[in-house]
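Participant: All chains, please: the whole structure from these sequences, using the hints.
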Amino acid sequence: MSLKPAKHREEHVLIVFDGRGQKEIVLADTAYSLGRGQNCDIRIESQFVSRHHATLIRRSHNEVDEYYRIIDGNLKGKTSVNGLLVNDRKVLFHDLKNGDKVVFGPQVSAIYEHRHYDIFPTIPPDDPFDITLIDPAMIFVDEDE
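By the count of the numbering used here, the sequence shown reaches residue 557 at its end, each step adding exactly one.
Source of the hints: derived by calculation from the structure; they are not laboratory data.
Possibly wrong hints are sitting among the right ones.
Label-pair distances were calculated between CB atoms; the ranges are [unchecked claim]:
hint, residue 1, residue 2, range
1, 546, 425, 33 to 41 Å
2, 419, 488, 33 to 41 Å
3, 416, 469, 31 to 39 Å
4, 450, 501, 47 to 55 Å
5, 533, 504, 44 to 52 Å
6, 421, 442, 24 to 32 Å
7, 505, 436, 20 to 28 Å
8, 513, 546, 42 to 50 Å
EDC-like cross-link-like pairs, simulated, lysine to aspartate or glutamate; straight-line CA separation at most 16 Å [stated by the list, open to error]:
hint, residue 1, residue 2
9, 509, 422
10, 509, 525
11, 416, 530
12, 513, 525
13, 435, 525
14, 513, 430
15, 509, 477
16, 419, 530
In this text the structure is predicted, and so the values were computed from the model without any measurement.
Note that CB positions come from ideal geometry on N, CA and C, so glycine has one too.
Facilitator: Rendered as C-alpha cells:
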C-alpha cells in the first residue's frame with residue numbers, strides 16, 4: 413500500500429474584536445470592505461468605526477505567494493474618520509503579515525493570520541492492519557453482576 417503525500421494548505425484569517433466580541437473570518441475573496449455600514453463585507457460593530465472604514469485587497473508576489481493589503485477607506489480615495497493603525501503606526505495602506513494588529517478605533521481591532529498547515533491522508537477503513545487496542549483500565553466492570 414502506498415501512502416499519498418501530505419497536501420500543503422494555507423489560509424488567510426482576520427480575527428476581529430469589536431463591540432460584539434470576537435469573530436474569525438477566513439479570507440478567500442479578492443476584495444473586502446470593512447466597516448459598520450450595512451453593505452460592508454465584514455461588519456464591525458462600533459461607533460468609532462466609519463461606515464466604510466477600510467478595504468482588504470488580495471495581492472501576490474507571484475502566483476504562489478499571496479497576501480492581503482489593507483487600505484484606509486475605500487478604493488475611491490475616501491479615507492476613514494479615525495484612520496487606521498497597523499502595529500501602532502498610522503498608515504494609509506499596509507501589506508499584512510502574520511500577526512499584524514490592525515486598530516480601527518478604541519477597543520476595536522483585528523489580528524491578521526496567514527496560516528500554513530499540512531493535511532495528511534487517512535488510512536482507508538478496510539485496512540487489514542487497522543487494530544484498535546483497548547486498555548484494560550478503560551473497561552468498566554459492574555460489580556452487581
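Participant: Confirm or reject each hint.
Facilitator: Here is how each hint holds up against the structure:
Range check, residue 546 to residue 425: about 39 Å between beta-carbon atoms, so the 33 to 41 Å window is met. A beta carbon spacing of about 40 Å between residue 419 and residue 488 agrees with the range 33 to 41 Å that was offered as a hint. The hinted window of 31 to 39 Å between residue 416 and residue 469 holds, with their beta carbons roughly 35 Å apart. For the pair residue 450 and residue 501, the supplied restraint of 47 to 55 Å is violated, since their beta-carbon distance comes to about 30 Å.
Evaluation of the 44 to 52 Å hint for residue 533 and residue 504 yields a pass: the beta carbon distance comes to about 45 Å. In this structure the hint that residue 421 and residue 442 lie 24 to 32 Å apart at CB is violated, the actual value being about 19 Å. A hinted range of 20 to 28 Å holds for the C-beta pair residue 505 and residue 436, which are about 23 Å apart. Between residue 513 and residue 546 the CB atoms are about 48 Å apart, so this pair conforms to the stated range of 42 to 50 Å.
The hinted pair formed by residue 509 and residue 422 meets the criterion: a straight-line CA distance of about 13 Å does not exceed 16 Å. About 7 Å separates the Cα atoms of residue 509 and residue 525, which keeps this hinted pair within 16 Å; it holds. Using a Cα cut-off of 16 Å, the hinted pair residue 416 and residue 530 holds, with the two alpha carbons roughly 12 Å apart. Restraint check: the Cα-Cα separation between residue 513 and residue 525 comes to about 10 Å, which is no more than 16 Å; the hinted pair holds.
This hinted pair checks out: residue 435 and residue 525 have alpha carbons roughly 13 Å apart, not beyond 16 Å. For the suggested pair residue 513 and residue 430, the alpha carbons sit about 13 Å apart, so the restraint of at most 16 Å is met. Note on residue 509 and residue 477: the hinted pairing holds, with a Cα-Cα distance of about 12 Å set against a maximum of 16 Å. Among the hinted pairs, residue 419 with residue 530 is consistent with the structure: their alpha-carbon atoms are about 5 Å apart, no more than 16 Å.
Hint check: violations occur at hints 4 and 6; the rest are consistent with the structure.
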